[in-house]
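Undergrad: Protein chains in written order, with full-length UniProt numbering: chain B, 1 to 246; chain X, 1 to 246.
Calculated from the structure, these hints are not laboratory results.
These numbers come from a predicted model, not from an experiment.
Watch out, some of these pointers could steer you wrong.
Treat identical chains as interchangeable: a pair holds within one or across any two.
What the hints assert, rightly or not - With a straight-line Cα cutoff of 27 Å, these simulated BS3-like cross-link-like pairs (lysine-lysine) come out:
#: 1; residue 1: K179; residue 2: K189
#: 2; residue 1: K210; residue 2: K86
#: 3; residue 1: K210; residue 2: K77
#: 4; residue 1: K146; residue 2: K37
For reference, the chains in residue letters:
Number of protein chains: 2
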Amino acid sequence: MQRLKCIISYDGTHFSGYQIQPNGRTVQEEIETVLEKIHKGKHIRIVASGRTDAGVHAKGQVIHFDSNIAMPEANWKKAINALLPKDVQVKKAEKVSDDFHSRYDVKEKEYRYFVLNTEDRDVFQRHFSWQHAGNIDVGAIQSACKLLEGKHDFSSFCSAKTDLKGDKIRTIYEASCYKKEDMLVFCFKGNGFLYNMVRILVGTLLEIGKGKRSARDIPGIIRAENRGEAGETAPPQGLFLWNVDY
Amino acid sequence: MQRLKCIISYDGTHFSGYQIQPNGRTVQEEIETVLEKIHKGKHIRIVASGRTDAGVHAKGQVIHFDSNIAMPEANWKKAINALLPKDVQVKKAEKVSDDFHSRYDVKEKEYRYFVLNTEDRDVFQRHFSWQHAGNIDVGAIQSACKLLEGKHDFSSFCSAKTDLKGDKIRTIYEASCYKKEDMLVFCFKGNGFLYNMVRILVGTLLEIGKGKRSARDIPGIIRAENRGEAGETAPPQGLFLWNVDY
Chain B
1 MQRLKCIISY DGTHFSGYQI QPNGRTVQEE IETVLEKIHK GKHIRIVASG
51 RTDAGVHAKG QVIHFDSNIA MPEANWKKAI NALLPKDVQV KKAEKVSDDF
101 HSRYDVKEKE YRYFVLNTED RDVFQRHFSW QHAGNIDVGA IQSACKLLEG
151 KHDFSSFCSA KTDLKGDKIR TIYEASCYKK EDMLVFCFKG NGFLYNMVRI
201 LVGTLLEIGK GKRSARDIPG IIRAENRGEA GETAPPQGLF LWNVDY
Chain X
1 MQRLKCIISY DGTHFSGYQI QPNGRTVQEE IETVLEKIHK GKHIRIVASG
51 RTDAGVHAKG QVIHFDSNIA MPEANWKKAI NALLPKDVQV KKAEKVSDDF
101 HSRYDVKEKE YRYFVLNTED RDVFQRHFSW QHAGNIDVGA IQSACKLLEG
151 KHDFSSFCSA KTDLKGDKIR TIYEASCYKK EDMLVFCFKG NGFLYNMVRI
201 LVGTLLEIGK GKRSARDIPG IIRAENRGEA GETAPPQGLF LWNVDY
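Next comes chain B alone, as it looks inside the complex (with noise of 0.2 Å):
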């Protein structure tokens, strides 16, 4: 038996999320009817990083799975990706040892979300950012960024849905915001995020960036641990699953 590590990336557009569900394409049973294929019609279940909402994409989604194949190392990808269909691929295949764990080992993960500043719709980035028209003061959202570092209760940025038992403590090492030509990148890092938790910030901050709220208003925000007290849940197609860290 050998424990795989396999770094995925995939176009959220067509897929109701990561995560097997009843009714609804996932990017999980893709991977495993796949590997089920690989070994003769044994179903091999994969433990991914963590999850994605429907229309959520990844560059650089991680996930873990055991096999009794002896496959070489270099194989493994070409094997997968073969089978694959197109908006879902493994970017790198590698074995790891029988500890290593894709959600539990994670050190620090990285969301980019992209907003289109322009006055109208462009039907190439409509699956891949969230547009807006009007001034956006790209200054005011950096500020705000800098508030949010750091280590606290991120209440106020959970989606109400969240099935989480444990606290909400999360520490954010980075959150930045750079405009390059018409696009609001925005990038997070941090050693985990709750349900909606990178929506519901840039929610907030391009309520900031717009000028319906202050910078200065982040830190009575995160004081709040109050859903209520946040802006609104910008949309899946903008966000990126970036990177995961071990």
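For this one, chain B is given, so just place chain X on it according to the hints.
TA: Frame of chain B, contents of chain X only:
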């Protein structure tokens, strides 16, 4: 009666091309359906600068149509976009003189073609580029591009499926190629292009970039006036109708 000129953009992924056909969703039909609604059930025919094939995109296709609705110029774009599906949009709408013709008056067309030069496919680029692994000699492609410029009989670069009645002499004002990160960007400007011409040009230039042919072969391929002498037809998803000048 007023003639309107519109610059339109579309993601060609889910279209069976621009032109209306018995089966399959087309850009022309989507726009005419919207105009019919705006004109209370009266059918409005639109005329484009030219067709694009299934899977081919447009950043700056141009159409015209005639309307008896007295709408201010500034409202047309919003009125049409409000009813269009999300993969096609009007970028600009303006009133023009009655003798403007989007096809007959074209002075210059620009097409771009994107080749992703990476070892692996990329789920996010799969509908918008042609992925090619291995080394590509951009300098050799640039040399070949220079030899394509000018007024030539481009029969060797025209699909046998063309229904063209006239001659195949066209003028290429600019043929160029540059690499930006992993993406090769081909740019072609000319007074007109034959059926599949840009895709056959790219297919041939790629063979030169990969060392299967020499840039010096271009004059001979042109002189042959024989489709069999040129390279393969590049796939549609890398092609964008970029701009039309009048």
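Undergrad: For K179 vs K189, is the C-alpha pair at or below 27 Å within one copy, between two copies, both, or neither?
TA: within (18 Å within a copy, 31 Å between copies)
Undergrad: Between copies, within a copy, both or neither: which fits K210 and K86 at Cα up to 27 Å?
TA: Between copies only: 25 Å across, 38 Å inside.
Undergrad: Should K146 paired with K37 be assigned to within, between, both, or neither, using CA atoms and 27 Å as the limit?
TA: neither (48 Å within a copy, 50 Å between copies)
Undergrad: Between K210 and K77, at a C-alpha cutoff of 27 Å, which is it: within one copy, between copies, both, or neither?
TA: Result: close only across copies, 25 Å inter versus 44 Å intra.
Hint 4 from the earlier list is the only one contradicted by this structure; the remaining hints agree with it.
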